[in-house]
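This is what each chain is made of:
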Amino acid sequence: MSSVISISKLAKHYQVPEREAGLKAAAKGLFKRTYKTVKAVDGISFEIQPGEVVGFLGPNGAGKTTTLKMLSGLLYPTSGGVSVLDYEPSKRSHDYLRQITLVMGNRNQLSWDLPALDSFDLQRAIYSIPADDFKRTRDEFIEMLDLKDLVQKPVRNLSLGERMKMEIVGALLHKPKILFLDEPTLGLDVTMQKRIRTFIAEYNKRYDATVLLTSHYMADVEALCRRVIVIHHGRLLFDGDLSKLVEKFSAFKTVGFTLSNPVADLSQYGEVVSVDGLRVTMRVPKEKTSAVTTRLLNELVVDDLTVEAIPIEDVIESVFSVQKEAME
Amino acid sequence: MKRYIDFYLSSMKLAVLEQWQYPIANYFYMIGMIAEPVIYMVVWSTVATQQGGMVGGYTPGAFAAYYIVWTLVRNMNVVFTPYGWEWRIRQGQLSMSLMRPIHPLHYDVSYFAGWKIIVIILWIPLAFALSFFFKPDLHPTLIQGAVFFFAIWFAYLIRTMTLSLLGMVTFWTTRVSALFELYFAAELVLSGRLVPLSLMPDWVQRLAWFFPFRWAFGFPIESLVGNMATNDLLLGLGMQLAWIISGAVAVSLIWKVAIRRFSAVGG
Chain A
3 MSSVISISKL
13 AKHYQVPERE
23 AGLKAAAKGL
33 FKRTYKTVKA
43 VDGISFEIQP
53 GEVVGFLGPN
63 GAGKTTTLKM
73 LSGLLYPTSG
83 GVSVLDYEPS
93 KRSHDYLRQI
103 TLVMGNRNQL
113 SWDLPALDSF
123 DLQRAIYSIP
133 ADDFKRTRDE
143 FIEMLDLKDL
153 VQKPVRNLSL
163 GERMKMEIVG
173 ALLHKPKILF
183 LDEPTLGLDV
193 TMQKRIRTFI
203 AEYNKRYDAT
213 VLLTSHYMAD
223 VEALCRRVIV
233 IHHGRLLFDG
243 DLSKLVEKFS
253 AFKTVGFTLS
263 NPVADLSQYG
273 EVVSVDGLRV
283 TMRVPKEKTS
293 AVTTRLLNEL
303 VVDDLTVEAI
313 PIEDVIESVF
323 SVQKEAME
Chain B
466 MKRYIDFYLS
476 SMKLAVLEQW
486 QYPIANYFYM
496 IGMIAEPVIY
506 MVVWSTVATQ
516 QGGMVGGYTP
526 GAFAAYYIVW
536 TLVRNMNVVF
546 TPYGWEWRIR
556 QGQLSMSLMR
566 PIHPLHYDVS
576 YFAGWKIIVI
586 ILWIPLAFAL
596 SFFFKPDLHP
606 TLIQGAVFFF
616 AIWFAYLIRT
626 MTLSLLGMVT
636 FWTTRVSALF
646 ELYFAAELVL
656 SGRLVPLSLM
666 PDWVQRLAWF
676 FPFRWAFGFP
686 IESLVGNMAT
696 NDLLLGLGMQ
706 LAWIISGAVA
716 VSLIWKVAIR
726 RFSAVGG
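Line by line, the protein sequences are chains A and B.
Numbered as in this note's numbering, the first sequence ends at 330 without a single skipped number.
Numbered as in this note's numbering, the second sequence ends at 732 without a single skipped number.
Nothing false has been slipped in among the hints.
Below, simulated DSBU-like cross-link-like pairs (lysine-lysine); rule was C-alpha separation at most 30 Å, straight line:
1. K721(B) with K177(A)
2. K467(B) with K177(A)
3. K137(A) with K467(B)
4. K721(B) with K179(A)
5. K246(A) with K11(A)
6. K11(A) with K721(B)
7. K478(B) with K155(A)
8. K38(A) with K721(B)
9. K150(A) with K478(B)
It is worth saying that the hints were derived from the structure and are not from the lab.
With these hints in hand, go ahead and build the complete structure from the sequences.
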């Protein structure tokens with residue numbers, strides 16, 4: 003199967019002016035400006051197959067949004083190759099733009115003062131969607147996101163989560179084949195995040211769309227993406243199954259148990275993370291988990307015991323810290 | 466073509482709906498805008514009366530006609546400003562516009578054209594009120610009326626093109642207010658906004674011929690209130706069209722270079 007997104011040694015470098023603080027430096031800067039090259043994206047390569055939902059992870063400033071902007075044609079790459087649906091995004095051909103969408107959690111394109119229905123109609127005209135098709139898709143999305151009672155209210159009167167759902171409907175009315183989602187659940191409560199995740203998953207299933215998603219909420223990634231791509235300082239750190247990422251970067255498991263009586267020293271069993279009354283949480287090397295739990299149950303009076311994988315947030319954090327140490 | 470007509474109509478409809486939400490705000494904006502021509506009208510009418518009833522061929526009634534039509538042309542001249550370009554780049558709104566399979570300029574032209582419909586509706590009672598107080602001397606012929614209709618829309622397009630070109634400077638630097646101010650100062654003198662161009666020295670009138678300002682402001686007013694011959698009216702429309710076409714070509718060429726510099730800083 004040929005990939006729908008293919009990038010090869012993609013780079014985006016910026017020349018950023020810099021100078022020291024103070025009047026002298028400011029005066030000097032009038033005659034001679036110095037620039038620093040910032041490598042926002044530094045030679046990354048990956049391919050994405052049709053219908054895949056891929057999590058694109060990295061800390062702030064890692065180069066995720068810059069990459070999405072190059073993929074969607076907003077930015078010209080400094081070097082490297084980009085191909086999406088066999089188009090060169092930076093040419094911004096209208097045929098290409100009709101097949102993609104970019105949703106940014108902090109941006110909106112709906113008219114603030116009007117009901118979303120009016121803005122949806124403008125989307126219909128922009129994308130030349132046939133009237134019947136438009137109405138069918140619009141009503142389908144409204145139902146999927148449970149927006150029927152809200153589409154006639156001015157957008158300014160909607161909550162952040164309701165607005166975001168409307169934005170997503172507006173961005174998908176033309177049924178794009180490729181979705182670039184940049185923090186689509188930013189600032190939303192847990193229920194609203196879940197609703198949007200379910201919708202994205204359903205859209206992916208119904209239309210066999212390809213999704214590249216950035217999110218700082220690992221729940222989004224866990225719920226939607228089997229594969230993740232991790233970048234840091236513009237470089238690719240990991241590309242593969244989410245489960246493999248956990249396997250590779252998580253050497254520990256979390257063991258939680260409740261004791262019947264207090265015990266003075268538990269360090270012989272593992273690293274104590276927290277003690278809350280009789281409830282203890284401990285970090286144990288993965289390969290020793292079964293031995294440690296057996297010992298705990300045999301040697302102590304334990305009311306209950308749970309073994310959990312390290313939260314994905316902590317795994318990602320450890321990926322970044324490994325990279326940081328490697329660079330220092 | 467059908468696609469563009471549909472887009473223009475939808476976008477104009479959206480502008481009408483949006484602006485109709487705030488009729489009072491729009492009205493106060495327009496009332497604020499007529500303070501400027503009322504001052505000019507009072508000053509020049511006083512000067513004309515003191516000089517025996519006429520200055521440079523303008524009677525107080527002719528000045529009243531000039532400045533009342535001025536109010537409509539000024540409103541038709543309101544377009545997406547360079548400050549707006551600066552704002553939309555900084556706020557990341559341009560990124561969203563660029564994701565659409567239609568040039569952002571089409572949205573600017575159609576949205577503001579829709580807004581003009583509200584402006585014209587709101588302007589009519591204001592024009593009647595001004596006419597009641599200042600007694601304009603206005604007797605346009607049918608052909609003048611027809612030329613004026615096209616001239617005000619052409620003026621709108623000329624100003625859209627020129628201010629878009631100016632706005633695109635923000636792709637190179639985001640601090641261009643000083644340049645904008647220089648442009649607006651030149652426009653004030655060479656357009657016929659401050660005073661009818663026929664009252665300006667000959668060299669200013671000759672200079673004004675070669676800039677777009679006159680064709681976006683003075684000419685539409687003169688086409689209705691002046692005594693221009695049909696040939697001059699048609700020549701004026703021709704000049705307007707030439708500025709629109711050259712403006713559109715320049716926008717298209719500069720856009721291609723400018724967009725490569727876009728760094729999507731605001732999102």
